[in-house]
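As you go down the protein sequences, you meet chains A and B in turn. Just so we're aligned, residue 393 is where the first sequence starts under the working numbering, counting upward by one. Just so we're aligned, residue 393 is where the second sequence starts under the working numbering, counting upward by one.
Take the hints with a grain of salt, since some may be wrong.
[Claimed, not checked] No more than 30 Å apart at the CA atoms, straight line, and that leaves these computed lysine-lysine pairs for DSSO-like:
{"no.": "1", "chain 1": "A", "residue 1": "LYS1019", "chain 2": "B", "residue 2": "LYS672"}
{"no.": "2", "chain 1": "B", "residue 1": "LYS896", "chain 2": "B", "residue 2": "LYS972"}
{"no.": "3", "chain 1": "B", "residue 1": "LYS1022", "chain 2": "A", "residue 2": "LYS1022"}
{"no.": "4", "chain 1": "A", "residue 1": "LYS981", "chain 2": "B", "residue 2": "LYS672"}
[Said to hold, decoys possible] Pair ranges (Cβ atoms, derived):
{"no.": "5", "chain 1": "A", "residue 1": "GLU713", "chain 2": "B", "residue 2": "ASN834", "range": "46 to 52 Å"}
{"no.": "6", "chain 1": "A", "residue 1": "SER734", "chain 2": "B", "residue 2": "GLU1026", "range": "35 to 41 Å"}
{"no.": "7", "chain 1": "B", "residue 1": "LYS546", "chain 2": "A", "residue 2": "ASP711", "range": "42 to 48 Å"}
{"no.": "8", "chain 1": "A", "residue 1": "ARG597", "chain 2": "B", "residue 2": "GLY593", "range": "53 to 59 Å"}
{"no.": "9", "chain 1": "B", "residue 1": "SER697", "chain 2": "A", "residue 2": "ALA956", "range": "43 to 49 Å"}
{"no.": "10", "chain 1": "B", "residue 1": "ASN890", "chain 2": "A", "residue 2": "ASP711", "range": "45 to 51 Å"}
Keep in mind that the hints were calculated from the coordinates and are not lab data. All values derive from a computational prediction rather than experimental measurement. Just so it is clear, CB atoms sit at the ideal spot from N, CA and C, and this is done for glycine as well.
In case you want the letters, here they are:
Protein chains: 2
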Amino acid sequence: MANGTPFGNFGYLGNFGYLGNFSLFPPCLHQMPSFCYSAAMCPAATDSADYLHNMRHSLAHVLAQAVMKLWPDTKPTIGPPIDNGCYYDFLFAKPISTEDFGAIEKEMRKIINQGQTFEVDALKVDDAIAFWKEKKQPFKVELVEDLKAKGETKVTNYRNVDAKGQEMFVDLCRGGHVENLKEIPADGFKLMSLAGAYWRGDEKREQLTRIYVVAFPSKEQLQTYLKNLEEAAKVDHRKLGKEMNIFVLSETVGPGLPMLAPKGAVIRQELEGWIRGELKRRGYSFVYTPNIGRADLYKKSGHLSHFKKDIFPLMQAEDAEYVLKPMNCPHHVQVYESRPWSYRELPQRFAEFGTVYRYEQSGEVGGLTRVRGFTQDDAHLFMCPDQMQQEIEGILDLAFYIYKTLGFENFRLRLSLHDPANWEKYIGTKENWKLAEDALRNALEKLKLPYEEAVGESAFYGPKIDLIVKDVFGREWQLGTIPQVDYNMPERFDIWYNDKDGTKKRPVMMHRAIFGSFERFIGVLIEHFKGAFPLWLAPVQVSLVPVAEAHEGYAHDVEAALKAKGMRVTYFESTDSLGKRVRESEKQKIPYVLVLGDKEVEAKSVAVRNTRTGKQEVVSLDQFIAKTAKDVDERNLECSIG
Amino acid sequence: MANGTPFGNFGYLGNFGYLGNFSLFPPCLHQMPSFCYSAAMCPAATDSADYLHNMRHSLAHVLAQAVMKLWPDTKPTIGPPIDNGCYYDFLFAKPISTEDFGAIEKEMRKIINQGQTFEVDALKVDDAIAFWKEKKQPFKVELVEDLKAKGETKVTNYRNVDAKGQEMFVDLCRGGHVENLKEIPADGFKLMSLAGAYWRGDEKREQLTRIYVVAFPSKEQLQTYLKNLEEAAKVDHRKLGKEMNIFVLSETVGPGLPMLAPKGAVIRQELEGWIRGELKRRGYSFVYTPNIGRADLYKKSGHLSHFKKDIFPLMQAEDAEYVLKPMNCPHHVQVYESRPWSYRELPQRFAEFGTVYRYEQSGEVGGLTRVRGFTQDDAHLFMCPDQMQQEIEGILDLAFYIYKTLGFENFRLRLSLHDPANWEKYIGTKENWKLAEDALRNALEKLKLPYEEAVGESAFYGPKIDLIVKDVFGREWQLGTIPQVDYNMPERFDIWYNDKDGTKKRPVMMHRAIFGSFERFIGVLIEHFKGAFPLWLAPVQVSLVPVAEAHEGYAHDVEAALKAKGMRVTYFESTDSLGKRVRESEKQKIPYVLVLGDKEVEAKSVAVRNTRTGKQEVVSLDQFIAKTAKDVDERNLECSIG
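Please model the complete structure; the sequences and the hints are all you need to start from.
See below:
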């Protein structure tokens, strides 16, 4: 990942949040190092995270030791800890299957119970190369040779020794372990799955077998995790999205190119309308730009050279080459530079629901969350340097308003900063970096938001804040980037404004997206709400169930009254049984079922069944309309009737 | 034009309405035959249209005669009448310039005043070939040879003879002339411009010089036309759109790929919001589909073979070829076919603001109206055959509501039918064609809408109604297609619904677009309103002009009050003179200027200057808010204050 950010190659607003099947493809797969040797690649361990990291890291050694005991001719490669456990990649002489998991786990428990400890040997690189050659471990040899090529003179091996001091296993490793393997809870881990993985991610190299392990400090925590996993699978947006007719995939259209069916379009339009209104209130203006541009535009922006493999193949037209845009910024810069701006007119905040395309490998795409085409709720802000902090505060305020309204309560903020040891990696002056990093930090401090600093995790073109959201299953999602400062684009396009003193100055540019992309956000919401959307977002809000044919006239009156208020209504004719129609409404996760019989016709009332609470309440039609209108206007999470 | 429709190669919702510089590029350039010999290509002449056609056609002969007299070594090619006059394409031995127009016009008047008449010679094709070879006119030879190849056995030459019976000029022609050239008003025509044109539109053939002439029955009519032209040039959307910061063109993004700047985006969002609400009220649902699809999709739909040259070059990805979509229908069909439908669920009306791309030649693009990328307010309706008429009525009702609200009062409806002499050209059964044509005709009759029938002008896949709108300058614009019946797409994708009797039936599909495309429609509206948009569409609605610094506090209160109501406001600080700020507001065509001085501060009132009427009125702030809100809600064309 060229620019040091974990969220896709573009450094921000990337395709990869935490979604997906999070057992087979752990959330952190795109976030964590694939080779744990280099300490710079392992985030600094802190407090309890320290124990978790060391325990999971040690468990990877246990896994490798067990595998080597069972199949001694296996070639181990690397095995880092990840957010929920660890994995290890092996080259097996003969394929293994999940049926072998029992034997491996048994062996691992045995090793843990032996109470082995770690001992470290510091070796000169050449000695280490000789050592691993002697051991006939070609992958380890390659790793050390690479370290040597990078200028390392020493490396470390970690040996597991038993109580008698006998060596049981040795691995090339930088360290970060428990002292005694007994600190690993023998009933707190579980082998989860197998996956294929190329050595060093290179499809031309050896195809390895990756074993995923989940690991927690206690059996109870493991069980909670596994239960959450099971619950999460039930609300997998790919399953629910199909059942609820929210989106459509078509092989003929192409993988990673989901279409929103009418019910999904309702959700998107509600989200669009909501944020559009908020943006206008907050002084944003909108722009519309095409999905393509000439290759020259992306040469100038630098995307074509930096991110070519993530861009769809160029279109070779007679007059020029055209690019399907991977991001909206170059176009927004074109709008900015189409006229001169005075400092009095800044900040300019250009928003667009911009559809972009990135050529992910087809094996990596699926559902609404790993896609090749997606629409960002994108914006680019152009400002004077002294306006940075205020703009950052505005963006954070908007993001928290949006997420809290949707019931996300657990947040984590990460401030990604430059690496002071590597100034040559970055564009922009040190002075400007300090200005931007201070503005980001001061905004977080002023709003009293807790955050972690990630030194060296910024993009090469500027620092940023990422918002990581935790859902009801405790899974973390990287959604918006709020914001990403950019010193590169203004420089490359030579944009400016007229300052007070009459001179031309370079504006600061910020990228930001709150939802990230509508596709992924809708995917997250489906799972977050388990399909049971709050009233204002529900594709169908009310189902009408006349008890018998005699009540259909009234039911149609109710339908007309609700539709006149803009409510989304489904009408169930009385041909099927009452029970069946109510059940069908529940299955479709329609918030309210109105059962209409003699009493309701007489009293002009409606018998409301709240499918979320299972409770019933009879209210007048007017009351029903007033209460639902209030819930919709206020975007309440609960349905307040019944 | 493969399928007999004049509006772009796709047959409907095409790129070409009547916009553009209508003198240099006459509106009918894409509508009229480039070779007038074949009567089938010249629309049937009627009544006064008959005289106009014959007069303009005869004038083309006069033009050619004059040119040949002045430069005898010129090779004439073809010269048809067009909507506002005629043109003729010549191969000149030496280039001419508009400075020669005086001499040509003088010669033409002399010819007209001689009172020449037309005489006709019917010749066998071979004799005609010999005749034109003898005359050393290679283009005429080629035309006759082509006619021979098509099976024609006879052709006609028309000779102009003077009062003494002496031949003055001869041309290959099918006829349709005045009897005596004196019937052409010598002061009713004017040479307008020169343009390059390839022989037979083929860029590999000779490059010719085209002379455009405008011609009317009287000097007065010519002058009115020229004056309209001058007025229209002032409101040319390309000029006004730039002055008003509505859209941005960038060479680096590419020709024909306009971007909407913030002020243009306001107009588009108002139009979007309006029609989105109307569509929901009228039972449409929305879908969202990507801008690309695999080539297989367009092979299946037939677009790739029929319209390849109009599609952007394919993207050759590793897993498949991808197409930048030229239209939305194949995607909408994919959404339809993603689940089964019962007859009880039909009609389904899928709408999308779908952005499509068509590779027009770069010389043909410009402004907002001749573009390569545009967003259609598209919809596809899937219905049972017996629902056709009702759906057509619904579409017509919507179209008339939209256009009338915008102040378009002059309409022309054209019902394009199949050609009964060429059944082999069409897809679909005769029975289905009758059903569809009857439904279209019956809907027009029921709504008592006058219309013309255009036999043989339908697409090969179904009949349609086009709505042609006349603007304040009398120019006609083809905007929406309302609707186009399609028997091709359902057949190719084999889509169906479950009918009452339990069998699978083929639904009828209709394409329709009301605005056509947002880009073109905004271009039309800029010219239609001469930049002075009605309050609800105006990018900026109110300008605030405090008389002096002392009034700025109150002015900011007014600003806040208006913004809280969602009004779009510009604030002019008191640093410039009052007159300058008012003039600047008028220049920007802001509907209302609020001048705020001592009296207004005291009375909590606003002195309103209506820039449209030039009148002033003092009203309370509350009254101003109430009245403007009403004008916006009702989408009134007039600003009712002042």
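Results for each hint:
1. Distance check on the hinted pair: A:LYS1019 and B:LYS672 sit about 22 Å apart at the alpha-carbon level, within 30 Å; holds.
2. A C-alpha spacing of about 71 Å is found between B:LYS896 and B:LYS972, which places the hinted pair above 30 Å, so the restraint is violated.
3. Among the hinted pairs, B:LYS1022 with A:LYS1022 is consistent with the structure: their alpha-carbon atoms are about 24 Å apart, no more than 30 Å.
4. Simply put, A:LYS981 and B:LYS672 have alpha-carbon atoms about 22 Å apart, close enough for the 30 Å limit, and the pair holds.
5. Our hint of 46 to 52 Å for A:GLU713 and B:ASN834 holds, since their Cβ atoms are close to 51 Å apart.
6. Range check, A:SER734 to B:GLU1026: about 37 Å between beta-carbon atoms, so the 35 to 41 Å window is met.
7. For B:LYS546 and A:ASP711, the Cβ-Cβ distance of about 45 Å falls inside the hinted range of 42 to 48 Å, so the restraint holds.
8. Under the hint 53 to 59 Å, the C-beta atoms of A:ARG597 and B:GLY593, about 56 Å apart, fit the expected range.
9. In this structure the supplied range 43 to 49 Å holds for B:SER697 paired with A:ALA956, their Cβ-Cβ distance being about 48 Å.
10. Between B:ASN890 and A:ASP711 the beta carbon distance is about 49 Å. The supplied range of 45 to 51 Å therefore holds.
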